[in-house]
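**Q** Let chain X serve as the given structure and place chain Y on it in line with the hints.
One letter stands for each residue in the lines below.
2 protein chains.
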Amino acid sequence: MLLHADPAHAFMPYPPVAVSSARTGALADLTFAAKDLFDVAGYPTGGGNPLMLAQSGIKTRTAPAVQALLDAGARFVGKTHTDELAFSMNGRNAHFGTPRNGAAPDRIPGGSSSGSASAVSSGLCDTALGTDTGGSVRAPASHCGLYGIRPTHGRIPLHGALDLSPSFDTCGFFARDVQTFSRVAEVMLGADPAALPARVRLLRPTDAWGLLAPEVVQAHEAAMARIVAALGQATDCTAALESFEPMYWNHRILQGREAWMTDGSFITRHAPPLGPGVAERFAWSSALSDEQVASARAYRARFRAQLAALLGTDGVMVLPTMPDVAPLLSSDESSLDAYRNDAIRLLCIAGLAGFPQLSLPLSTRLGAPLGISLLGPAGSDQSLVALARRIVQG
Amino acid sequence: MLLHADPAHAFMPYPPVAVSSARTGALADLTFAAKDLFDVAGYPTGGGNPLMLAQSGIKTRTAPAVQALLDAGARFVGKTHTDELAFSMNGRNAHFGTPRNGAAPDRIPGGSSSGSASAVSSGLCDTALGTDTGGSVRAPASHCGLYGIRPTHGRIPLHGALDLSPSFDTCGFFARDVQTFSRVAEVMLGADPAALPARVRLLRPTDAWGLLAPEVVQAHEAAMARIVAALGQATDCTAALESFEPMYWNHRILQGREAWMTDGSFITRHAPPLGPGVAERFAWSSALSDEQVASARAYRARFRAQLAALLGTDGVMVLPTMPDVAPLLSSDESSLDAYRNDAIRLLCIAGLAGFPQLSLPLSTRLGAPLGISLLGPAGSDQSLVALARRIVQG
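Note that the protein sequences, when read in sequence, are chains X and Y.
Under the working numbering, the letters of the first sequence match residues 1 to 394, in that order.
Under the working numbering, the letters of the second sequence match residues 1 to 394, in that order.
Worth flagging that the hints you see were computed from the coordinates, not collected in a lab.
Using N, Cα and C, we set each Cβ at its ideal position, and we do this for glycine too.
So these bits of chain X aren't anywhere near chain Y, every CB distance computed over 12 Å: (1) S167; (2) W209; (3) L231; (4) R304.
Stretches of chain X that chain Y covers, calculated by requiring three or more beta carbons in the stretch to come under 8 Å of a beta carbon on chain Y: (5) 12-18; (6) 266-277.
This is chain X alone, in the form it adopts within the complex:
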């Protein structure tokens, strides 16, 4: 059964099509939604752009990530709104509107997996698939008070989903509680290729925490204490290579070049209307030089090697997911842009490395949720989920 009542404006209003799921299975009692980037047989794939939607046609295949949940018995309830072509982080779609943040209705949900976070935080389904290229699962998880993971790059297949920047794109998911999150993770992730040991080495990147306003750091204090109580004392470290400035720019350059390779021909051939910010980012991306891209690639390799060395096989970084609670819905584009640019500095750590990051909804500020994250080495995704359980359930 598809949800027709959609008080959260979380779903694309597609007519319901029967999507069969296994009658039994580990997730047979759960409902799920999928970001409108994933193909689901019987539905179009809109990608948050009306012309992309109009040209989609009805898909005849279902993306493997969606199929995995169906095979585990979870019932599909609909396709959720996404920021336009997934190339934004606010959850405001100029064409299709803004899904409601179920945990803070006066604030943006965050994006680009906006509708998935909206649906789960509003209780319209138990879990939902999103994608995270530059923060599109982590940002809305933090904003909407959800557990959300950006898995190791390549860990969950993204066939049958619209690309943004393939060397960054990942398939993640949300849940309201750690038990549900763990059950979904079991199905989506399987066993870790590089499981963490029982005793992990907790790391606290002082440069990342230093990006936050003191009142935000303070808002995380109780959560930090809880994490330390569960996992042991944290050692200070530095996350960035040199500083966050080159991290930020090299991340944007690589993502932008790939985004232009993905969507540039659609944009130049059809000149689709693009919302504020999105148009500018694609224009910026189209003008990047090969030299900039080559230099950014080399930087990424150096950064990844440094982070891999720092984490080793037992290191887990604990860092703020986002710079603050979600901005108010009434924020103007320029203040949202500033917030987004701050956020990229935190989010690019896992993004550039391709390492998994799990956001836990353990903090609040101004009555709104605020996520704190665990970031581990490549292939430690399930171990991070297990750590989250230890932190939350004791």
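**A** This is chain Y only, laid out in the frame that chain X set:
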């Protein structure tokens, strides 16, 4: 069965939902589509605007005009593209693209019932519902080489369809041939409340014909001769009250005011993205004064009385549907605007009066179709269809 292959880009890509039609009935061998302004249970109603679509939800009722075709056994194949909020005449939707003109693929289809005309002219269905407020059935019928009618205002109910300007809005339909058109008309129109006599008085409005370039008048000569041969000699007359200048402006003022009353709160509350031209027309409409509107209403009443007197109970005006064949797809917005403004002068005759006008695809120019119209007194719709049969079938 819904058409999934949509080479003409005529349909909104909604997942197919079973819509039951009568097993037997006068139209049981026909397929039809409906402009995405009409509610069809199981589908959203998008109205050519992505935010309107996103807020639509799934409709639980079917518009009576659609139901009439279902009850006659016609099979529903899908919802067709419309110009944005039906407030345009070109068939180019900035968000969802341009449906293909099946009779002249290098030319615009015309709108706002663009997808319906595209689907029928491309052979994807036998008939299709459109709406005509200021020309939205007549323009695409002329451009796509189809029979198309703007019925007497109020003749076919428009409940369950998105309004534009209610005192102008009508429900019309298209077909490729006069036989099919007559069969659909029989179901949609029933018997005439003011049938024309067997011998009609043909009128040729010299002022309307005088708006055309000589080569366009010439392109209509054979069709005109055919009409005269079937219906008798035409007497010259004048269509406009005074001139086309006040006709044009009063038509735009009344339509604009009503369009703003219909969509103004949606636009001011949600600031949806609006395509080029549409945004400007709504802005212009929002600024109309009550004095302008009152004066235009009085003008419309005078014009309607004059046209009713001219036509009496047996008068049928024969006039060009549009100023020329459809503009090329490569036309820029300003030349399309100029064409549209010329077209309004022809189209506002039936629009201001609320009288029926049937466009017949009898002429061609530059290898593209060109419609010629019969315009009769209020309630003579079916009689016009019968005249079309006499003209075409002899």
